[in-house]
Amino acid sequence: MDIQVIVNNFAFLMLQGFFGLGAFTGGTLRLAVPAIVLGFLLGIFIGLGRLARAPWLRVAATIYVEFFRGVPLVMVIFWFWFIIPVLLGRSLPEYGVALTAFVVFEAAYLGEIVRAGIQSVARGQVEAATATGLTRAQTMRYVILPQAFRNMIPALVTQFIVLLKDTSLASIIGYVDLTKAAQIVNNREIRPFELYLFIALVYWACSYAMSRYAGTLERRLNSQTA
Amino acid sequence: MSYKFDWTVLWSGQSGGWLLDGLSTTVEISFLAWWLAVLLGIGAGALRTAPVAPLRWAATFYVEFFRNVPLLVWMFFWYFAAPPLLPDGMREWLFDHGAEFWAGLCALGVYHGARFSEVMRAGIQAIPKTQFEAALSTGLTVTQTYRLVILPIALRLIIPPATNESLNLLKNSSVALTIGVAELTFQTRQIETYTAKAFEALAAGTVIYLLLCLTIAALMARVERRCAIPGMIVRGGVEGF
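Top to bottom, those sequences are chains E and Y.
When we follow my numbering, the leftmost residue of the first sequence carries the number 803, and every step to the right adds one.
When we follow my numbering, the leftmost residue of the second sequence carries the number 986, and every step to the right adds one.
Keep in mind that the hints were calculated from the coordinates and are not lab data.
Please note: incorrect hints may appear among the correct ones.
[Stated by the list, open to error] Label pairs and their in silico Cβ distance ranges:
{"#": "1", "chain 1": "E", "residue 1": "Q940", "chain 2": "Y", "residue 2": "R1207", "range": "38 to 46 Å"}
{"#": "2", "chain 1": "Y", "residue 1": "P1146", "chain 2": "E", "residue 2": "V835", "range": "44 to 52 Å"}
{"#": "3", "chain 1": "E", "residue 1": "L890", "chain 2": "Y", "residue 2": "T1045", "range": "19 to 27 Å"}
{"#": "4", "chain 1": "E", "residue 1": "P857", "chain 2": "Y", "residue 2": "P1036", "range": "50 to 58 Å"}
Here a beta-carbon is modelled for each residue, glycine too, at the ideal position from N, C-alpha and C.
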């Protein structure tokens, strides 16, 4: 065990690898945070599409969800890595490719969370809203969605944990996140045990803290609605 | 868009053979890792409810540590960091006999074992306490209660989440390409490298993954219907809106 290698490279691993502050465009958080926000926005449309009255919308949203949930994320990253240059006629930096892949992929999972959140709102709410004369769109906007969002929060935190861990896969196309930063340092120092254990602990601390937080949120929510 | 499609690359030359090799490696590593994960999952899931505190702590440590770290990091850990800890002879033997496959297998199995144990625990906790009490009151011992009443119900209850988790394992086997396991995604990339036909190669790999996942999901849905316990499992949930 050689702690010195971690101490010497701590700034590079954390600042460059985790936060994305440094010479490379990288960073685990710099990818994960925009990906969950944009993925959620896209996920709202997917979730609403899954519950739409128009059959073509429902079918399209279902195909989207089933497709991306049936394919490994690694495959999706490679798809965007090879397809974006063909579609755009020029290549995009790793950050753009990774962010696009994560938003599109996560939206399938987030769409299901949105759908479950909407379905968790009591049916009487819809009937009451309709009885007061609100249209279907107004009911969704003013009555269902605000309550649904609150119900979704624990699941969203959990999904963010999954996403944070998944961003490590962006390293396979060369994006400098925490995992890639550890690989770079390891190529020079040849200290795999210390380095991979260290980044494992960093990921663990983030995920574990957030999963405890999600648990607290869930309990609070249950006590409010019970 | 100026891309010329040429689907023949998938069956001309070595591509077809590579895809089949990749598919068989994916199935092989997933199948073996699945057994490892299920055994670890049942063991850890049961130990987390054990009456002995140190056992409970050990199981909790295993589950919380392994499932909260990315699988990719575990791949690197098992492949690059773990072998130097082995005795020399064993390490040499391992590197002569496909070390990347065994490292990938450990990474997948141990990571998903932690996740399976959560599914298992949720299944046991979903059973009403009265079942346990009723079984004990008929004169069964605690072990018999687990073996004859609790586990059979729990295993039927967890079929949907366990299927989900098994499919995750299958899809996650693609991460093993990072340490050089020649599974399906790896072979897809190889075809792309040799033929420069990215679209066709990726489409072939994607379709194979989809078919695998959809087939398993359809099979398990049938199993789930057959094993459903009347009155205990509400299928589908609330419809409308």
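Using the Cβ atoms, figure out if L890 (chain E) sits within 19 to 27 Å of T1045 (chain Y). Since the Cβ atoms of L890 (chain E) and T1045 (chain Y) sit about 48 Å apart, the hinted range of 19 to 27 Å is violated.
Okay, P857 (chain E) versus P1036 (chain Y) on CB: inside 50 to 58 Å? 54 Å, holds
Given the range 44 to 52 Å, decide if the beta-carbon distance of P1146 (chain Y) to V835 (chain E) lies inside it. For V835 (chain E) against P1146 (chain Y), whose Cβ atoms are near 28 Å apart, the range 44 to 52 Å is violated.
Is it true that Q940 (chain E) and R1207 (chain Y) lie within 38 to 46 Å of each other by Cβ? 42 Å, holds
Comparing the model with each numbered hint stated earlier shows that hints 2 and 3 do not hold.
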